[in-house]
Structures are given as C-alpha cells and as structure tokens.
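Participant: All chains should be built: construct the whole structure from the sequences, respecting the hints.
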Amino acid sequence: MRKTTFPRLIALALTLLALSTVPALASWNPGGTWALHDGPLAFRTGPGKQYAQCCELPRDASVVAIELEQGSQSPWVLCEFRFSESRVRAYAEFTGIRLEDDIPYAEHSRLPRRLVSAAQVFAAPDLHAEVRKELPEGEEVLFLAFEGDYCFIEFTDGSQPCRGYVREECFMVDLGEFAEDFPDNDSMTLYAIKETSSLYSDPDERSEVLFEMPFDASATLRFDGYYERAPEGWTPLLYGGLFGWGRTRDFSDLRFDSPEQAAEILSMMGEYED
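Counting in our numbering, the sequence shown runs from 21 upward without gaps.
Among the clues, some could well be false.
[What the hints assert, rightly or not] Pairs of lysine to any residue, SDA-like flavour, derived with a Cα cap of 20 Å: (1) K153 - P132; (2) K69 - K214; (3) K153 - C75; (4) K153 - A72; (5) K69 - A138; (6) K153 - K214; (7) K214 - L274.
Keep in mind the hints are simulated off the structure, nothing from the lab.
Facilitator: See the structure below:
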C-alpha cells in the first residue's frame, strides 16, 4: 500500500526551515564505509560477547561498517555483508578493523514497546534476509531506530539478547488506547523493480557502481536535504550499508511479484519507464 504524501510534506517543511544547515550534495557521507580486516572476522547479533555469535567471514570478504557502539569493554561496529546469499547485519569487535572513512557512534532510542502483531525478525532491513526469530504479538522489545519501513530492535532469544529488524507495522499502535508515544519516521523503503538496479556513487551513470541490487531488494530513502536537492531522475538511497544514487525509474514504494508485473501495473498507472 502506498504511503500518503503527508510525511513528505512535513519533511519538506522541516528541510526548508533548516536549509542553511543542510550540507551541499556530496559534501559528507550519510552512509557507512568499506571495512578492511585481516580476518577471519567473527560476528555477533549485538555489540558485546553477551550476544550470540552468528557467523564468521574469511579475510577477503567484503564488509561495510555502518556505526560504532561502545560495549562493556571495547567498541563494536555494526557491519553489513552478504552471507549464505542474503544480506546480514551483525557486530564485530572494532579491534583489527580498518575503515576507509569515519562512521558515527550509534544514537539509539532504546524505547520498551510491545509488538501489536506477530513479527519475523530479519538479519537485515530486507524481506529476503534470514529470519533470526519469530516473535509473538504482545512481546516486549526495545525499539532502537528506524531503517526505512523497518524498525531496528533488541529482544531476548532464550537467555541471550539479540538484535534484528521487524516491519514498521508491527508497532502501529492506537496511541489513544496504548498511551505510548513513538518517534516519527523520516524515511521509507523503496523496492528495486527491474531485474537488476544499480546503486551509483554519484547521480551519474558514469560513476562507480557500488552495488547491483536484485529485483525486490529493499533500499532506504530518507526525506532529507539529499532528497530535496536530488537531480531530476535520481533518488538518494541507502543499501548494503552504503549511501548512493539510484535511477528513480528503477524503484517503487510498491512491491511486485516480478519485474514483468511491475512493468505492467506501473505502466497502467503511468509511472513506468524502461
């Protein structure tokens, strides 16, 4: 179901009010950065050894570092990579990792909230990512942050804490009934609608291709200065932990079963370009 334009109008108004503080395009990096490591690199589901170990990558594996978080003894870094043919986000100790660029320390809300519906917890903000856990309706979790139409949460898996991503609608509560406030989400998810869709380093097809995104991959669009100043035909996106640019014609906020179905339905809506 398509989102309304109301959040977009709010984002536009806020951007205009703070326009003088918005950096010029390409003047800073709102995404992660490539991480170099000597490997093998062990990952856990959260920033500390109290979280379960989930996988290990060899030395030559491609890894993107997204944000740092202080553990009980040392910093940990949230990374994204591909494992078993799907996107995974997990934490590694910062020791032994070298970054190509600076990344921020995490700023998490840490709000205790109950799920209003049963939820699958994904290893990354993508419906094709591995499912780490299935949580029942009413389960109390910690809301940490938004990532498009996903919520980053912490929950208990047996005797251990764990982190992952659930769909935003799992928290769509009736505020009058539950008397809970909830942060505003200034982002949304767009889905790749072509067989493959490129994520470029700049809004230029001659620039470096950061990722080739498969059909139905989830990418995050933030309603910020980049969105408001985007060149015609281009959309600023976060995918794979990196910030880049996609051709607007390659993405939609609607999901489809196939590229052919996307072409047929969006053509009838007058929203499809080859």
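Participant: Run the distance test for K153 versus K214: straight-line Cα separation, threshold 20 Å.
Facilitator: Measuring from Cα to Cα gives roughly 30 Å; hence the hint is violated.
Participant: Under the criterion that the straight-line Cα-Cα distance not exceed 20 Å, is the pair K153, C75 satisfied?
Facilitator: holds (16 Å)
Participant: Has the given pair, K69 with A138, been kept, meaning a C-alpha gap of at most 20 Å?
Facilitator: violated (28 Å)
Participant: Compare the distance between the alpha carbons of K69 and K214 with 20 Å, and conclude whether the hinted pair is satisfied.
Facilitator: violated (40 Å)
Participant: When you check the alpha-carbon spacing of K153 and A72, does it fall within 20 Å?
Facilitator: Holds. K153 to A72 sits at ~13 Å (cutoff 20 Å).
Participant: K153 and P132: Cα distance at most 20 Å?
Facilitator: Holds, at roughly 18 Å.
Participant: If you draw a straight line from the CA of K214 to the CA of L274, is it 20 Å or shorter?
Facilitator: Roughly 13 Å separates the two Cα atoms, so the pair holds.
Hints 2, 5, 6 from the list above are not met by this structure, while the remaining hints are.
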